[in-house]
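Peer 1: As a plain string of letters, each chain reads:
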Amino acid sequence: MSTHSEVETIKPPLTNIGALGWVKNNLFNGYLNSAATILIFIALLKVVPQFIQWAFIDSVWFTSGKECHEAAGACWSVVTQNIRFNIFGYYPYEEQWRPLLAMVILIFMLVYSRDWKKWSKKLGYLWLAALFTMGTLMKGGLFGLVAVESTKWSGLPLTLLLSFFGILASYPLGVVLALGRQSSLPVIKAFCVVYIELIRGVPLITLLFMSSVMFPLFLPEGVTIDKVLRAQMAIILFTAAYIAEVVRGGLQALNKGQYEAAESLGLNYWQKMRLIILPQALKIVIPPSVGILISAFKDTSLVVIIALYDILNTTKSILNVPEWTGFSTEAYLFVAAIYYFCCFSMSKYSRNIEKELEYKAQTKK
Amino acid sequence: MAEIHSTPLKKTYFWNDEKTRGILYQIFTAAAVAFIGYYLIANVQENMARQSIATGFDFLNKEAAFEIGETPIKYSAADSYGRALFVGILNTLKVSLVGMILTTMLGTFIGVCTLSKNWLVAKIGTMYVELFQNIPVLLQLFFFYALFYEAFPGPRQALTPVSGVFLSNRGIDFAVPAPHFAWKFVGVAFVLACAIAFAVRYWARKRQEQTGQQFPIVATAAGLLLGLPLLSWIVCGAPTAMDMPSLQGFNIKGGYNVSPEFSALLVGLVLYTAAFVAQIVRAGIQSISHGQTEAAMSIGLKAKHVMSLVIFPQALRVIVPPLTSQLLNLTKNSSLAVAIGYPDFVQVAGTTINQTGQAVEGVALMMMVYLTLSLLTSAFMNWYNKKIAIIER
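Chains as they are written, first to last, in our numbering: chain A, 30 to 394; chain B, 6 to 398.
Please note that a few of the clues may not be correct.
[Stated by the list, open to error] Derived DSS-like pairs (lysine-lysine); straight-line CA-CA distance at most 30 Å:
no.	chain 1	residue 1	chain 2	residue 2
1	A	Lys377	B	Lys337
2	A	Lys285	B	Lys79
3	B	Lys99	B	Lys79
[What the hints assert, rightly or not] Quick list of simulated restraints, FRET-style, between CB atoms:
no.	chain 1	residue 1	chain 2	residue 2	range
4	A	Tyr60	B	Met132	19 to 27 Å
5	B	Ser303	A	Ile46	28 to 36 Å
6	A	Ser213	B	Gln215	45 to 53 Å
7	A	Ala336	B	Gln56	18 to 26 Å
8	B	Tyr44	A	Val223	44 to 52 Å
9	B	Tyr44	A	Leu197	41 to 49 Å
10	B	Ile106	A	Ala64	21 to 29 Å
11	B	Pro327	A	Ala100	29 to 37 Å
12	B	Asn174	A	Lys312	37 to 45 Å
13	B	Met132	A	Phe172	43 to 51 Å
14	B	Asn174	A	Ala219	50 to 58 Å
15	B	Ser330	A	Phe80	28 to 36 Å
FYI, nobody ran anything at the bench for these hints, they're computed from the structure.
Cβ coordinates follow ideal geometry from the N, Cα and C atoms, glycine included.
For reference, chain A alone in the conformation it holds in the complex:
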């Protein structure tokens, strides 16, 4: 007896498809994984409701410190009541719209120029104009704005300032150092190698110490350089060494034929680098450079140690006020969220570019 005329479609077992199948294949595949899943579930059940209770249900949001001490849950008031000091620090209270506006311009410009294919000369001029506007807003003294000394710059604007200029200035310096390290001239190469390895061998803190306690001794009598600028220089010099190593990777990754082709066209060293080598090498190293830039951004928090008031230090000083002591978890979580947001968007950006470059490389073949 044959039944080949009727082909019965056999459905896969219910436990292998759909939501149930997903659960089985991803959470309960094997004894060990099942045990892990159950353990994690139990842990989550214990922790998550407690956290929600603490952070949202029992929490207080807009109260004084006194009421906070009586509340059972989180005291977000430490953030909300001190938000202006936390963000702007010692910048004069009436003038705080200026750093705010400067930050908005910066963020707008960053978002506007996120697509690297749009980078052009025009955008460069736009940036120059934006930088000038931001500088004027921060410093004042022009167009009827009250002058604000840089010692008063603090909070988030300071963090952004240090990291933005740290990144901006260290990049060209790093490229020059990388070129120097690849140079065929032994003296120049030696200087660059020593510089790069020396800087990469010491923690940033020693450079910051240098800028705060040692650097004043280097200057002739009567000349002083502003503390923010000194810290800024330390960050630039530090980041440049790391950028140099990344760029060197890009220079080495390029096909040797590119160098030879450029030379055979009769281009001199700078033309060769500017027109042929660097545009390609720098494109390769966009993703790792963003990694360096993210750490430079995080590293600006180290200026706390030389008593500059970046956003981390303003938070710390809020917590030193007796009314608000004891709520450091809440305050630090808030700052952590800001850092997380910035770093996460940067790494997301670099991953997108990486994908784009990979896609391009694949379609070329």
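Given chain A's structure and the hints, the job is docking chain B onto it.
Peer 2: What follows is chain B alone, placed relative to chain A:
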């Protein structure tokens, strides 16, 4: 004799010659660097003379006159700056070494977790990496330090999760065996056991290479490492007395104390660096093609041997170089101790600079110590990397 008139080469000026130019550039750079260096040093000397700051390293022998919170070796305020700085170095080494070991372990674990077939485990691993990578380590240090002070009760209400362990805002206190001559022998026995285990492993490898016979090396080593110290402990009279921490007055005395500064620093550094190590480990394992796993399975290796004999040795080659730089980062980041008051080298050196005013020497010392540490670590890791590298035949 006729003169041969060749068209004379167009005269090239010497500054248009590539080689001469190169030499000129170099002379110019060297001169510029030398000039800047001279200018700065001259300024420093003038400034120091005017402010009557001493120069040179004589201060190392002077009395330090400050106390240090944590001293692995004997130290008092009457000791010299040199000894104080040495205590600082030891504290840096302590936190770095413990941190490196814990970071490698935790990072490897999380890296493997992110590759888990269990969706929940992989997701939590990835979230961990994302979260801890994107928050400055200094903020994490502050956070854990504050947590220590705010979440843990005072010594009087110290938590005791297990008998003999006290958790309070003065740190973690736990019981340690009371001093007894037996413990010295146990220590010696342990070192001896390690040496013997290494020798046996070497012999077993040689024999396996020659004859193919295997030797139960893991069991033997475990037996040695446990058995020999145990034996010497029993022979010496099996002391069981413990030095229990107990509340005396306002503080906990006795036992071994791990300070809140050290704990916060360690936790912060380990959690932060482990996130980076996890990524490296994941990338290393992913870099090994799946064909390797299949090939290993097809020659009949067990799952654990597939991992330990085929995948891991190859992945290690990808992992070690970036791992080195992460562990170096941990060492360098340990200098952030100064922010939460753990007396590491930078903190002691900072105090020294404040007291003596000799900033140049102080900063130079800091740089020298960290450079040495970096060079030593990378030398060790390079040696290890060579050892595990593919031997080309």
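Peer 1: Look at the Cβ atoms of Ser303/B and Ile46/A and judge whether their distance stays inside 28 to 36 Å.
Peer 2: 30 Å, holds
Peer 1: Check the following: the C-beta atoms of Ala336/A and Gln56/B are separated by a distance inside 18 to 26 Å.
Peer 2: Because 21 Å falls inside the window, the suggested range holds.
Peer 1: Between the alpha carbons of Lys99/B and Lys79/B, is the straight-line distance 30 Å or under?
Peer 2: Holds - the C-alpha atoms of Lys79/B and Lys99/B are around 15 Å apart, at most 30 Å.
Peer 1: Could you tell me whether the CB distance from Met132/B to Phe172/A stays inside 43 to 51 Å?
Peer 2: 48 Å, holds
Peer 1: Looking only at beta-carbon atoms, does the pair Asn174/B, Ala219/A fall within the given range of 50 to 58 Å?
Peer 2: For Asn174/B and Ala219/A the Cβ distance comes to about 52 Å; the hint holds.
Peer 1: Indicate whether the distance between the beta carbons of Tyr44/B and Leu197/A respects the range 41 to 49 Å.
Peer 2: At 27 Å between Cβs, range violated.
Peer 1: Is the gap between the beta carbons of Ser330/B and Phe80/A within 28 to 36 Å?
Peer 2: 35 Å, holds
Peer 1: Range first: 29 to 37 Å. Now tell me if the beta carbons of Pro327/B and Ala100/A are that far apart.
Peer 2: 46 Å, violated
Peer 1: Does the beta carbon distance between Ser213/A and Gln215/B stay inside 45 to 53 Å, or does it fall outside?
Peer 2: With a Cβ separation near 51 Å, Ser213/A and Gln215/B satisfy 45 to 53 Å, so the hint holds.
Peer 1: 37 to 45 Å was suggested as the range; check whether the CB atoms of Asn174/B and Lys312/A agree with it.
Peer 2: 52 Å, violated
Peer 1: For the pair we were handed, Lys285/A and Lys79/B, check the Cα-Cα distance against 30 Å.
Peer 2: 59 Å, violated
Peer 1: Holds or violated: Lys377/A and Lys337/B, Cα atoms, limit 30 Å.
Peer 2: The hint holds at about 27 Å.
Violation of the numbered hints given earlier is confined to hints 2, 8, 9, 11, 12; the remaining hints are satisfied by the structure.
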